[in-house]
Amino acid sequence: MEEAVKQPVEKPQVKEDITRKEIASYFGYGFGQCISFGLIGSYILFFYTDILGISAAAASLIFVIARVWDAVNDPLMASIMDTLHGKNGKFRPYLKFMPFFIVVSTIVCFLPLDGMSDTAKILFAGSTYILWGMIYTVSDVPYWSLSTVMSQDSQQRTKLITFANMGVFMGIGLSPVFFIPLTEFLGQGNQGQGYFLATVVLMLVALPLMLNGFKNTKERVKPPKTKVKMSDAVRAIRANKPMFAILAVFFCNVFMNITQGLNVFFFTYNLGSAALMSIFGVISLASCLGFFVIPSLAKRFKKKNLLMVILVIDIAVRIVWFMSGYQSVILSFVFITITMFLYTATGPLISSMLAETIEYTEYKTGKRNEAVTFSGQTFTGKLSVAAAGGLTGMILVWINYVPNEAQTQATMDGLFFVVAFLPALGSLIRLVIMYFYSYTEDEYNAIVQELQFRREAQSPTT
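Here the UniProt record's numbering is used: the first residue of the sequence shown is 1, the next is one more, and so on.
Calculated directly from the structure, the hints in this document are not laboratory data.
Treat the hints with care, since some could be wrong.
Said to hold, decoys possible - List time: in silico SDA-like cross-link candidates among lysine to any residue, alpha-carbon distance up to 25 Å:
{"#": "1", "residue 1": "K302", "residue 2": "I433"}
{"#": "2", "residue 1": "K21", "residue 2": "V309"}
{"#": "3", "residue 1": "K96", "residue 2": "E22"}
{"#": "4", "residue 1": "K241", "residue 2": "V385"}
{"#": "5", "residue 1": "K215", "residue 2": "L204"}
{"#": "6", "residue 1": "K121", "residue 2": "E219"}
{"#": "7", "residue 1": "K87", "residue 2": "L289"}
{"#": "8", "residue 1": "K121", "residue 2": "V104"}
{"#": "9", "residue 1": "K21", "residue 2": "R220"}
{"#": "10", "residue 1": "K215", "residue 2": "F100"}
{"#": "11", "residue 1": "K299", "residue 2": "A286"}
{"#": "12", "residue 1": "K121", "residue 2": "K21"}
{"#": "13", "residue 1": "K96", "residue 2": "T19"}
{"#": "14", "residue 1": "K21", "residue 2": "N212"}
{"#": "15", "residue 1": "K302", "residue 2": "M323"}
{"#": "16", "residue 1": "K218", "residue 2": "I433"}
{"#": "17", "residue 1": "K21", "residue 2": "K241"}
{"#": "18", "residue 1": "K302", "residue 2": "F244"}
{"#": "19", "residue 1": "K304", "residue 2": "F251"}
Note that this is a predicted model, so its numbers are computed, not measured.
Based on the sequences and whatever the hints tell you, model everything.
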């Protein structure tokens, strides 16, 4: 079979009818869940330092401890998920209950904690942030894993994951558009109260969207009839070399995460107004429209080739932007819009390629281990956000940023370099990895065909 996998084969005939209602429900869960991720990722550091009064060093320590714990906790919980199977399926049961935990844990993270001592605030903030991370894992891993059991057809999966990524970007993009105006309106001058009440409002919007994700989805791909043990997770990770390559590509989001963290500084000092963040939020939401072309393009071209073309274009656009400067606000936003559309287009391609490595694991080990594979994405995503948070602070020190003062020309040029040009380095690293990546649709279809032969051979009726 090793030779067969390397040869192009006809696409297996996998008949699965994924309805529009089902796709919309799957999108809605990701959208609602990532409202929470966007709030925590974008505002929790500011909330800790400027509202609770926790030192930046203590906040950084909380993030470091949380990520170290994630490295142990995420694969462990995922391996447990791979051993369980309920009457509602393997992953759908989590979508029924976890929305309530996501909503409550997110709201608790933004409690003002008036009257508590500094030590008590640090302990409470640390414990609630780590708890939120654990709860998010138990929600996020089944959500992404569900796409691999809703369909085994490559094109259907690409469509599902495209809408899932659209939900992610729209959920995260919702916060810069609505959160700050809500905090000002509801807080009436009290920032702590504003942050808390705005979080309550947005999470109440997220809850029904997430609950609908359980109601209207269906699991179609049945797992092998072999028992999955927690030790199989280690074998699955070691056997799945394509997964490591895709996760390395996914981790390169760290470069864009750094840029996202510095956008408010760039808009404030280079372009002259922090209010431009609202325009950026609208652009982020609009960039999701590009997702609609990904499934049709994936029918005609290999996802690896599509991703490489996008990366080359991104590098070229950023070079032109850097050479053009930032004197024109309009021109800067033209480049921001183009690069955001290119960046968001990479999301569904990367997630679809990761999903296809699950069959590779099953082919190598006889176990699917969907949850373990997508726990890698969850952990890598949280790790890239945490790394970006730490690097952002270091960059501000490196360019001699001084809060609430007019910045020097060198500082503004440094901000521009990071925002406009640094993500090109991430695209270049991704391009190199993809150049050597060999697990494409041809290999995937050959493996799916072989797995079908195995199941038929094991069927009692055969």
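Here is how each hint holds up against the structure:
no.: 1; hint: K302 / I433; result: 16 Å, holds
no.: 2; hint: K21 / V309; result: 32 Å, violated
no.: 3; hint: K96 / E22; result: 15 Å, holds
no.: 4; hint: K241 / V385; result: 24 Å, holds
no.: 5; hint: K215 / L204; result: 18 Å, holds
no.: 6; hint: K121 / E219; result: 43 Å, violated
no.: 7; hint: K87 / L289; result: 36 Å, violated
no.: 8; hint: K121 / V104; result: 18 Å, holds
no.: 9; hint: K21 / R220; result: 16 Å, holds
no.: 10; hint: K215 / F100; result: 15 Å, holds
no.: 11; hint: K299 / A286; result: 24 Å, holds
no.: 12; hint: K121 / K21; result: 44 Å, violated
no.: 13; hint: K96 / T19; result: 20 Å, holds
no.: 14; hint: K21 / N212; result: 10 Å, holds
no.: 15; hint: K302 / M323; result: 32 Å, violated
no.: 16; hint: K218 / I433; result: 34 Å, violated
no.: 17; hint: K21 / K241; result: 35 Å, violated
no.: 18; hint: K302 / F244; result: 19 Å, holds
no.: 19; hint: K304 / F251; result: 17 Å, holds
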